[in-house]
Amino acid sequence: MFKFIKLATKNVFRNRRRTVITGLVLVFGATALILAGGFISSSFRGLSENTIRSQLGHIQIYHRDFFEREEEKPLSLGLENVDELKAKVLSQEHVKFTMARVEFMGLLSNGEKSAVFIGRGIEPGKETELSGNQSPVDSGKFLGQNANSEGDAEVVIARGLAKTLKAKPGEYLTLMTTTSTGALNAMDVKVVGIYSTGVPEYDERALMVDLRTAQQLLVTHKVSKLVVVLDETARTKEVATAMAARIPEVSLRRWDELATFYKAVVQLYSAIFAFLGVIIFVIVVLSSSNTMLMAIMERTREIGTQLAVGTSRIRLLVNFLYEGLMIGVFGGLLGLLVGAGLAELIDHAGLRMPPPPGGTSGYPLYVDLVPSVFIGVFILIVTTTVVSTIAPAFKASRMKIVDALGHV
Amino acid sequence: MGVRDSREGHIVNSLIQTQELQKQYTLGKVTVPALRHINLNMDRGEFVSICGPSGSGKTTLLNMLGFIDSPTSGKVYFNGAEVKYNGLSHLHRLRLEKLGFIFQNFNLIPVLTAYENVEYPLLLTKKSSGERKQRVEKILREVKLWDWRKHKPNELSGGQRQRVAIARALVNSPELVLADEPTANIDSATAGEILDLMRTLNEEEKVTFLFSTHDPTVVAYAKRIVRLHDGAIVNGQN
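From first to last, the protein sequence lines are chains C and H.
Those letters in the first sequence? Residues 1 to 408, by the numbering used here.
Those letters in the second sequence? Residues 1 to 238, by the numbering used here.
These are calculated hints, taken from the structure and not from any lab test.
Think about it this way: if two alpha-carbon atoms lie no more than 20 Å apart in a straight line, the pair counts; the simulated PhoX-like pairs of lysine-lysine are:
id, chain 1, residue 1, chain 2, residue 2
1, H, 126, C, 3
2, C, 263, C, 237
3, C, 6, H, 133
4, C, 6, H, 127
5, H, 150, C, 6
6, C, 3, H, 152
7, H, 133, C, 3
8, C, 10, H, 150
9, C, 10, H, 152
10, C, 400, H, 84
11, C, 3, H, 150
Chain C regions said to be covered by chain H (calculated; three or more residues, Cβ under 8 Å):
id, segment
12, 295 to 307
13, 312 to 321
What you are looking at is a predicted structure, and each value in this text was computed from that prediction instead of being measured.
Here a beta-carbon is modelled for each residue, glycine too, at the ideal position from N, C-alpha and C.
Next up, chain H with everything else stripped away, as it sits in the complex (with noise of 0.2 Å):
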């Protein structure tokens, strides 16, 4: 799991935890640092928006905390435990079970029917099909899409792509869902629907939310906003 060391005096509800997060990228001598020293909680059940302008290292953010790339220095701790991300293939399992994606461009399985892309990540647990085909079909009627499970990604609007996307991201009942500008390749009456959409996710069935966003209309639609610039948390912290 890349999981171990429970941390002494964590916060009993906390979800994920980074401690002096930093990410730098060398760029031939120069070195960029895109994450500067992020101190960051989010418990259990939150609803938050990480904004900032284009470069403030929003997406480099998320990657770290969906485990898809290591930080230069600085710690993780998911469920209390530090997260090692060495190598990083080790964390697989900790995506497929604990974490659910949504793509800015939605990033669908192009040739598999929206009721396949969702029940894609299901394919690679030990669920049985009897299951896989209840969860998919509870989600799928849930994003409003059960009518629309024959389809494949391009015979689908943008709005629907993304529930989609979203479906797909909750089959697993992850502990937490991380979505990179969901809304930014959608017109923004379907933006709405899908924020409130994630927002009905989030109250009733209590799915922890982190997204990122640049679009102030977007932003109003958050519990708790965490500004960066430059790759620091100017408020919002925790």
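This is chain C alone, in the form it adopts within the complex (with noise of 0.2 Å):
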């Protein structure tokens, strides 16, 4: 087999200026589709973490029925016995920190106008650990950063809403929203700081304020759900089952079953790479055929000889089966390495992306050099190459060997 590996490496070098156009092709295949997978992956890996870092942690955990019904009052299926809960929650391996938060929903007025917004209670040290310290407030200061003598109730409230109600940092805002009983409440807040959620509809809407603060607004002691933050992301999925073996009274979710625009553009781009995979297959099927046809031409007597000295025309066939092999071989190597060359490159270049959709800022292009990307384009590189070379090795391998002979 290796003397005709041998052969089929030295005819594919016999005609140099095809083979490097042939080569070229699947160079370019190779490296369009690497850089493409390793923007994907970089693109995946930045948007789960900025989904985990900016909002969801990697679990939450829930009432147990909070999936099954609605609540018919705010917090009705609240978690209750928080501390005990977090408690567990902590005990559990490869967990790094766990936060409460408290969802509602209600007026917010500047005494003159009042526009709806979503609250969010949170512990904003924990929330800032989640971040990676990273303070999400545009103007002003995040909660529990301010030397607070008053005693008054603090809020940060998103860009869009602090424009609507025309509000800045120091200024007084009133919360007005239902409480766990279902009667209304009002409180007076002191706006610390101004920040951006990243999506446009959202700072419309969004603010945020402390943890008690919320609970004393919705005269609760319960929390909407507890956020757990785990050392790795990889290790969510395994956390999260022994999680729920070993806590059943409660519902959880992970990361990546609530992030529901990671998913949608995760299917978007699989989609994307898909359909550029095919375009790409199409192209070396279409060169690599042309190229073998050619050389099948011109070497139309040489088949003649090699069927009249004994060659079966399966060796035959098998043999221009190598020679396509090859031709993938050395083209999907190049590949692969031009496109690691090029990925290595953009990372180091500095170049930024303009923002997502609905998104309000860019961010840095990456190229993530992924090991299954490369093994997968050098996989389809070799196996277009060579599936394309069977019709015309099947064609080479039917000549009546008198007409190959006589071929001119």
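Both chains come to you apart, so use the hints to assemble them.
Have a look at this one:
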């Protein structure tokens, strides 16, 4: 077999110019797929970490029936005995920390004008830790960072909401909402900061207060959920499974089950990648088939000779498939090298992408070097060249020997 | 193998025998006879020349006897067994193991060295690497090309190329070597050397040769001459 592969390799380089052109097509295809795959992987990674760090954490814990039925009143399906639950969660391996959140809605007023808000009661220190100690606040300060001698309840409001109510840090607004018993309640809060959620639509409605402030406003000791943060994103599934077995009285959701936007992006990008793969498959098939057809036409007499001296038709077919294989191997390997080189170049070029749909800020352009993409691209290129050789090789193997020998 | 049915009464020493062999080509509505009623017997160890003018059917007859083209009618017996031509593809083993081909244009594989060209038919067999090496060396020494073994065909003269082709034809120890105008593309001095080599191999190694030519000086080397004209044997039949 080795001797025939050696012969195939020699034949591949017989017409160098044509082989180089075919090789360039393969290199182009492999590079395009590696860059696209690396960019998509980088985007998935960035988006998943961003989703985890900015809002979801790795796992969220809810009341057992939270996903089964609607709440009749605010927090009627909230979590009780939060400290006890937190202790159980923290005893789980790979859990870095956990924090409570209260989700609520209502009206925010500046005395002259009111706007609907979607509020969140949080533990500010832990939220900051989740986001990698990056304050989301554009102006003013974040919750819990103020010398609040007056004991005022504090609020940070999103950019769009602040604009609607013409609110600035240091000013007072009134929060109005329904309590956990169904009564109306209101509370004056001091705006300490203005932040951006990264999504323009949320910026029109979002605000955050301290967890205790939210609980006071809703007159409850319950929380809506616990957010669990792990030491490694890759362990999410494993920890969630263990936690579900250990704390059966609650309902768990992993971040990837909650991140609808992330899932939509993954689906879209995967479809784009598959489409790109199909286009490159077609280009490679056409290019390689053409190369092999040309090679067969040029070597018609040689094919006749090989058949005349006793080469079986199957052997001849396999020999041509080896040639396709070798073109694929050389082109694929070179493509991987060029793809990796370009990916490194892009990573160090400091390029930035424009904001994604629905986003407000751009992000750095990175191309990951993903081993599975490299393996997949190499297999695709090699398989494609071999597949595209089948028809020409079959044609060669079916030649009439006397006609082939008489070919001029 | 495509060989079956031992024929009654065949000559014991017969290597290949044809019986009423005919080949016709159809060109549009016209049928052109290329071979007509060929009855030919060749014994082992013979050194036979088929001669005749261009278009007399020499190459067509060699193609039939080399199992690379099928006759329109008639029979061919090889080692006393009838050869079945249907499809031809099953005959590759017969060509590989029993026959050797020498072509007018040498037909060497240009990307392979002289050594590799000679070794090629052996790669199609199950012979070990050691045995292959031994055979190729022996035959290349016989055709006096051992020192040229690493050269590719385009680095060899016409005579050297034809000697490589002879070595390739002989490397599998065939029972019959078919040569189609083996000296047509080389000068007369080299042609003499090639024919001397073939004759030596015939006399010393007992290799059976059947070669076609239209050159009277080449015909002179043959021990038996079969003359073809318009697709029929005019003399030297058996």
